[in-house]
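K.L.:
In case you want the letters, here they are:
There are 4 protein chains.
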Amino acid sequence: MIVVMDKGATPDQIKHMAERVESLGLKSHVIQGTERTVIAAIGEKRAEMKESLASGPGVEDVVPILAPYKVASREVKKEPTQVVVRDLKVGAGMVGVMAGPCSVESEEQIITTARAVKAAGATALRGGAFKPRTSPYSFQGMKEAGLKLLAAAREETGLAIVTEVMSTEDVELVAKYTDVLQVGARNMQNYRLLEAVGQTRTPVLLKRGPSATMEEFLLAAEYILNEGNPNVMLCERGIRTFEAHTRFTLPLASVPYLHHKTHLPVVIDPSHGTGHTYLVPDMAVASVAAGCDGLILEVHPDPERAMSDGYQSLNIPQFEETMKRCRAVATAVGKTLS
Amino acid sequence: MIVVMDKGATPDQIKHMAERVESLGLKSHVIQGTERTVIAAIGEKRAEMKESLASGPGVEDVVPILAPYKVASREVKKEPTQVVVRDLKVGAGMVGVMAGPCSVESEEQIITTARAVKAAGATALRGGAFKPRTSPYSFQGMKEAGLKLLAAAREETGLAIVTEVMSTEDVELVAKYTDVLQVGARNMQNYRLLEAVGQTRTPVLLKRGPSATMEEFLLAAEYILNEGNPNVMLCERGIRTFEAHTRFTLPLASVPYLHHKTHLPVVIDPSHGTGHTYLVPDMAVASVAAGCDGLILEVHPDPERAMSDGYQSLNIPQFEETMKRCRAVATAVGKTLS
Amino acid sequence: MIVVMDKGATPDQIKHMAERVESLGLKSHVIQGTERTVIAAIGEKRAEMKESLASGPGVEDVVPILAPYKVASREVKKEPTQVVVRDLKVGAGMVGVMAGPCSVESEEQIITTARAVKAAGATALRGGAFKPRTSPYSFQGMKEAGLKLLAAAREETGLAIVTEVMSTEDVELVAKYTDVLQVGARNMQNYRLLEAVGQTRTPVLLKRGPSATMEEFLLAAEYILNEGNPNVMLCERGIRTFEAHTRFTLPLASVPYLHHKTHLPVVIDPSHGTGHTYLVPDMAVASVAAGCDGLILEVHPDPERAMSDGYQSLNIPQFEETMKRCRAVATAVGKTLS
Amino acid sequence: MIVVMDKGATPDQIKHMAERVESLGLKSHVIQGTERTVIAAIGEKRAEMKESLASGPGVEDVVPILAPYKVASREVKKEPTQVVVRDLKVGAGMVGVMAGPCSVESEEQIITTARAVKAAGATALRGGAFKPRTSPYSFQGMKEAGLKLLAAAREETGLAIVTEVMSTEDVELVAKYTDVLQVGARNMQNYRLLEAVGQTRTPVLLKRGPSATMEEFLLAAEYILNEGNPNVMLCERGIRTFEAHTRFTLPLASVPYLHHKTHLPVVIDPSHGTGHTYLVPDMAVASVAAGCDGLILEVHPDPERAMSDGYQSLNIPQFEETMKRCRAVATAVGKTLS
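Protein chains in written order, with the UniProt record's numbering: chain A, 1 to 338; chain B, 1 to 338; chain C, 1 to 338; chain D, 1 to 338.
Keep in mind that the hints are not guaranteed to be accurate.
To be verified - In silico DMTMM-like cross-links for lysine to aspartate or glutamate, where the CA-CA straight-line distance does not exceed 20 Å: (1) B:Lys324 - B:Glu304; (2) A:Lys261 - D:Asp6; (3) B:Lys50 - C:Glu35; (4) A:Lys7 - D:Glu35.
Because the hints were derived from the structure by calculation, they are not lab data.
These numbers come from a predicted model, not from an experiment.
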């Protein structure tokens with residue numbers, strides 16, 4: 001950690017800050033520059049130290065040198081983590097594909113979709129039973145009835161199930177039915193929920209919040225890992241920017257960046273990441289080329305009649321075609337799709 | 001709602017979409033432009049209709065005309081809502097001031113601060129007992145012990161208490177001690193929590209999420225109002241943008257914009273909105289000039305030793321000086337501060 | 001164009017606005033909704049009409065239906081435009097690769113690089129002679145001497161030359177030496193410069209400004225096309241967002257989006273789009289998979305000693321390896337690289 | 001400057017980088033942390049050094065300590081700069097008000113406006129003669145005829161004239177007529193233009209680009225100052241963010257931030273900063289409260305018929321009312337308006 005002093009900082013202020021650094025159990029190291037003095041603080045940092053030093057007299061800035069996440073860090077664990085549940089394999093060379101409707105709507109809808117996505121090569125079925133909706137007047141999901149339909153679809157097809165959990169009080173219920181607990185973008189910093197899913201041993205798909213920095217994203221994963229659940233998949237689903245021609249902006253550089261910083265696998269969601277059906281296939285293919293470890297895609301047998309997200313869902317033939325293209329590119333970059 | 005057809009949409013597609021509009025219980029009205037056809041859909045909309053129509057064949061876009069929030073809308077209730085609890089009055093000409101430390105740390109700290117901010121003119125004491133922290137390794141708050149200290153400070157000074165609730169299972173506990181339930185920015189779209197605070201009758205301070213649009217913000221308020229709790233204060237605390245010289249970007253135009261759209265009072269948080277002590281006073285003053293109905297400010301007797309947010313806290317003399325300046329400007333713009 | 005009236009708009013205001021629409025030479029069409037009235041304005045719009053109507057009495061909003069660009073639009077020209085100069089082919093199934101240093105620094109540097117990138121399969125050499133630099137104290141380029149070295153490198157290798165022009169008064173000079181005129185991101189809305197390059201017949205590589213919307217980007221291209229120069233390549237080089245772990249955020253969905261809206265070819269710049277050497281190869285590969293028509297890449301024989309942008313440049317072996325991977329993916333998606 | 005080495009950097013890499021630092025004429029200072037090594041580089045930096053070091057082997061990051069602007073810096077000149085031309089005084093306690101139409105449209109329009117804004121207390125008249133327009137099909141301004149009308153309005157009222165210059169070849173012409181040269185947001189990084197206006201001695205109003213960081217903004221000012229023109233006013237006119245309910249997001253914290261970093265005066269443009277007439281007055285008042293040194297406001301006698309920007313212009317009575325409110329707040333914060 002580097003404490004940068006103001007140009008006009010007095011010798012007393014510099015001395016005071018060096019002592020503050022030592023009082024926190026760190027070694028201080030004063031470096032006199034040509035225009036300004038900095039104090040290097042050496043030793044094991046705690047999260048609040050930076051904040052504390054930043055408000056000291058004569059301090060202009062405190063620059064951290066180390067990333068604040070630990071268990072998630074690639075510096076701690078070099079080998080990539082692979083998450084495996086049923087036939088779904090995500091990471092370490094395998095690209096898992098999770099496909100299905102935004103919401104579970106009926107038995108026919110979910111079974112039809114499950115069979116079709118399995119036939120096309122998906123290894124997991126996604127589908128929402130508890131739906132976080134921007135408006136209180138929107139369809140909120142079928143809740144437990146929806147979970148039961150997902151379980152029936154798994155029974156029928158063998159696909160692993162991925163579904164969202166919105167609240168600590170539902171974790172036990174949802175975990176009873178699902179293979180992967182999804183934490184949605186809006187809940188990425190709902191720390192109680194992160195702790196609750198961290199206390200299960202069910203794999204977690206953690207979606208990036210639309211304005212979360214990479215550091216905040218990895219610290220959210222750290223909340224889960226820190227509770228003892230090592231099976232965390234990071235899901236990039238787009239960030240909020242000034243761009244309005246897409247629903248969110250999908251920054252695929254997250255894939256190589258995260259692979260550089262963490263051992264956790266990286267899943268891409270081109271459906272939310274673009275928000276328009278016609279953009280999804282090209283971005284799915286690009287995600288595989290960028291090196292992602294998994295894809296999560298909204299697929300609906302009749303998007304025009306979907307109860308949510310129809311405008312960003314692929315229909316079955318579109319999904320089949322997308323899978324073919326993704327598979328060709330996976331081969332070209334030395335990965336195995338599903 | 002206006003359904004905009006592709007330039008190349010066929011007569012059959014236009015006919016199909018007009019029928020779809022009618023099948024949703026709306027009246028359709030086809031308008032042939034010089035280059036493209038649009039279909040006006042007239043009648044009572046439901047939230048999912050737009051999504052459904054947007055994925056129709058030959059549809060380029062669906063443009064909503066009405067805002068999706070209702071109870072929060074100024075069109076529904078013309079007079080501004082004033083939230084009153086103890087001496088705190090927010091809205092309708094009154095500017096309430098909530099001041100106090102980021103975290104409750106000790107009895108001495110909170111009582112000292114409470115007395116000082118009351119003496120300077122604050123009518124509510126803010127302080128966190130349950131703290132949402134980006135890192136699992138940061139101080140997480142004193143929890144119930146902190147709530148008890150807040151209650152003691154109220155006993156001592158008569159100030160109303162504002163404190164955050166992070167989870168549905170804590171709502172009852174926190175509501176037992178506090179006068180205002182704060183829903184933090186990270187939880188703005190934690191819908192279960194919104195419903196839970198909506199089921200109490202305790203006033204709610206709802207913070208805007210750092211990437212929430214105004215529509216999402218008002219729909220979050222709508223979740224609370226829709227459960228029957230009319231006492232909602234909207235708090236602008238800054239949004240995430242490319243700017244890195246401030247912690248968040250504080251868009252004060254939110255004040256007149258929200259006053260135009262909603263009857264709910266608007267509170268500004270210049271501490272989180274800027275993230276640096278030296279920027280807080282000028283922005284507090286500017287907030288009052290922009291017409292805000294309340295201020296929430298971090299104040300700590302010794303910011304350098306604060307367990308969180310010290311770098312954006314005012315010390316007591318800084319707060320006193322800021323209050324003087326805010327009061328002068330409140331008078332100049334025809335408002336009453338505290 | 002749809003004029004949306006306020007809920008409280010009076011019959012007189014509605015009548016007034018309908019007349020205003022007609023006075024602009026458009027047909028008006030009043031639609032009475034259940035809660036609000038809208039006026040459809042039908043006919044040939046001019047750019048200032050929207051602005052004019054938006055400030056009318058009782059008007060809440062004016063919603064345009066048509067895109068404001070014309071010559072660039074795919075609605076006007078269905079077949080994709082291919083830009084061809086020497087061996088460089090960009091668009092219509094061909095992926096052109098422009099590679100070279102940020103700045104021309106010396107004869108040896110540029111000739112070495114030109115030979116190496118040609119050997120690896122590039123068909124154009126990029127290199128800056130006039131450099132727009134954020135700081136007045138940074139190296140500003142070799143100017144005409146640099147242009148001469150680029151011409152020498154072309155003589156030696158046959159590669160097409162791509163170099164930036166910063167100012168109208170340099171257009172003639174730069175066009176004398178180069179095969180492609182690059183308009184940099186900072187100058188995307190320097191309309192005089194756009195007009196000047198539009199008056200040449202030299203192909204133009206137009207870079208997207210870091211906060212330009214797609215509409216602004218296409219309208220900037222329209223300035224060039226409108227002067228009679230049809231050879232415009234659009235270059236996505238990343239946008240400014242809150243993300244700080246990359247220099248810019250590279251939104252690859254621009255590729256399918258632009259292909260949907262315009263016939264102009266789309267080039268991606270993963271060097272500026274990420275700002276870090278280690279992220280460039282994966283994003284180059286992903287760009288090809290997303291369907292781009294060209295790549296522009298910073299390559300330097302000794303990045304550690306580059307006079308600019310070393311931290312985002314590939315060295316020669318890294319470029320060779322990247323080209324191999326891009327070629328494999330191009331084949332997998334049915335395109336031809338260089 | 002702090003060179004941060006990778007956790008896995010070898011002793012050879014550390015030695016190599018320390019030598020590189022010394023080879024650039026700096027003193028190196030190696031600090032062994034508990035997890036990682038950093039090298040402090042001490043001495044007079046040049047702009048390209050950071051870039052060069054950042055691509056060295058084993059380097060994770062290079063953290064600059066000093067701001068790269070010099071002449072603009074408050075560290076170099078403590079006293080605030082006041083720009084004075086005719087009756088317009090901007091800075092050092094004086095709040096100058098520049099008001100007028102977006103575009104000069106006719107003699108009657110500009111003379112009427114000039115008289116009215118002068119009567120209400122403005123000390124400068126703004127008006128565009130050369131207009132940068134997003135679309136090539138929009139009204140591009142009256143050019144020299146417009147400049148002559150502005151000069152006539154000055155003759156009539158004595159107001160100082162503020163008008164935009166878009167291109168180096170027009171600087172001489174525009175400077176012949178105007179008192180203040182405005183460099184627009186789109187040209188903030190048109191370095192040739194910055195140099196050209198820097199070579200005049202006419203005061204410059206430099207608008208912040210919508211995605212410019214504060215450092216880029218101050219470096220753009222530095223280009224002008226560095227040519228010898230000390231009369232630079234910085235104008236915050238809003239940044240591009242995800243917010244769509246305003247045209248741009250107006251970050252008023254720029255005022256105290258810039259006052260902290262530079263001696264140059266800070267002008268706010270609430271018209272472009274909000275993009276809606278109804279938001280302008282409150283934001284003008286808030287700007288004064290935030291401590292700005294000047295306001296630039298769009299005022300038109302008949303906004304509904306304005307040839308540009310009518311939807312964000314004040315009419316005359318609105319401007320008069322806004323001036324009254326601004327004057328009251330200026331007094332309350334100890335400033336003098338106009």
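K.L.:
Give a verdict on every hint.
P.N.:
Hints and how they fare:
no. : hint                : result
1   : B:Lys324 - B:Glu304 : 24 Å, violated
2   : A:Lys261 - D:Asp6   : 12 Å, holds
3   : B:Lys50 - C:Glu35   : 17 Å, holds
4   : A:Lys7 - D:Glu35    : 29 Å, violated
Figure legend: structure checked against the earlier numbered hints; hints not met, in rising order: 1, 4.
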